[in-house]
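J.: Sequence:
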Amino acid sequence: MTAAHDLGWDERWSAYVQVAAMNAPMSGRAHDGLCPARVVAVHRGGIEVLPLPDGGAGPGPALAVDLKAPGHATDGEEWPPIVGDWVALQPGGGAGPIIRSILPRRSYLERPSASGRSVGQPIAANVDVVLIAEPMDPGPSVGRIERLTALARSAGAQAWLVLTKADLADPESVAQACRQLGMITDEALAVSASDPRALQALRDRLAQGTTAVLLGRSGAGKSTLTNALLGTDLATQEVRASDSKGRHTTTSRQLIAGQGISIIDTPGIRALAATADGQAIDETFRDLVELAAGCRYADCTHTSEPDCAVRQAVASGGAEADRLERYQRMVRESSRLDLRRNARLLREEQRRATRRDSRGRRGTMRLKGRRD
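The sequence shown maps to residues 1 to 372 in the UniProt record's numbering.
No lab work stands behind these hints, which were simulated from the structure alone. A quick note: this is a predicted structure, and the numbers were derived from the prediction, not measured. Glycine is no exception: its CB is placed at the ideal position from the N, C-alpha and C atoms. Mixed in with the good hints, there may be bad ones.
What the hints assert, rightly or not - Quick list of simulated restraints, FRET-style, between CB atoms:
no.: 1; residue 1: Asp204; residue 2: Pro53; range: 27 to 35 Å
no.: 2; residue 1: Arg179; residue 2: Ala3; range: 36 to 44 Å
no.: 3; residue 1: Pro53; residue 2: Gly231; range: 21 to 29 Å
no.: 4; residue 1: Asp10; residue 2: Thr232; range: 19 to 27 Å
no.: 5; residue 1: Gly258; residue 2: Thr354; range: 48 to 56 Å
no.: 6; residue 1: Gly71; residue 2: Asp10; range: 27 to 35 Å
no.: 7; residue 1: Gln18; residue 2: Leu168; range: 49 to 57 Å
Required output: the full structure, derived from the provided sequences and hints.
T.: The following block contains the structure:
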């Protein structure tokens, strides 16, 4: 395997680059020298990319790309590029690198807006695994784990729970947390900075070429975990002893490659709304969804309907009341977000239709003028 494969490159991307080269404008020899590059950081008005100038043989030095410069293919729905994107890049000369195409995304991770807006915040693209970092001290948040798991599944990525700071809790509590919380996610592991064997076990489970994104609250140890997995030296900060909360060490998203994998480190998450993907929520609460199959009504909300199998399970101890409440809350949030998003899409389509009608009327008037 080459360093390009470590960065997440494989032959399936090559076909996309060839298509981008064929579709590139011929003027100015724009199709010459087109090469793939991966977005490793996003800044205001620009990005950083790692190009593969030799057809995937290995990455070259990082390049800064000014997104405000002319020539970029900004007309696609996926514009602007985000961390993790693969782009077809024309290195260029004095004008600087030009992005001719954003290659089709295999996954797209978006943080739903917690402010009530219908537009979410992009997190990363082409992610295979979402590493949910939750500290054992002061204790993992089940609600946050559920929401991040649903977010990962809505993006088509696996959700792995990484319980950090395991050395600050007794082994029995750590093992119990892995068992119980692992029923929510696809994988559950416990690590600590002082236990190289646990860190190596996590690294070994991430296949070569995997791109993983770290999500979690501030002070969960995301940057420390990135350093341990990749052998890097990202800045870390102390956590307040009063409430076990930390400040934002990572202030922007960045992709770092090493040890055969790529890790996207992200700032801490303070508030997280539910994803609009109802199916992803149902997958996260599969136990409740399976119980709901026994309800009298197919559209049972599990609140006041008669013969509700879910409420009966809660009453008999077969399901947790708190988990049902969290599920119902996420479903309500998801429905509201979906309605707002559909309303926004309708408004955008109406604006496009109005512009088309306006252009049509102007063309008709010009035609009439020529005939007169």
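J.: Look at each hint and say if it fits the structure.
T.: Hints, one by one, checked against the model:
1. Distance hint check for Asp204 and Pro53: the Cβ-Cβ separation is about 31 Å, which falls inside the suggested range of 27 to 35 Å.
2. For the hinted restraint 36 to 44 Å between Arg179 and Ala3, the CB-CB distance of approximately 38 Å keeps it satisfied.
3. Remark: the range hint 21 to 29 Å for Pro53 to Gly231 is upheld by a beta-carbon distance near 25 Å.
4. Separated by about 24 Å at the C-beta atoms, Asp10 and Thr232 satisfy the suggested range of 19 to 27 Å.
5. Checked against the given bound of 48 to 56 Å, the beta carbons of Gly258 and Thr354, roughly 51 Å apart, stay inside it.
6. Checked against the hint of 27 to 35 Å, the pair Gly71 and Asp10 passes, with Cβ atoms roughly 28 Å apart.
7. Restraint check, Gln18 to Leu168: a C-beta distance of roughly 51 Å satisfies the suggested window 49 to 57 Å.
Every hint from the earlier list agrees with this structure, and none is contradicted.
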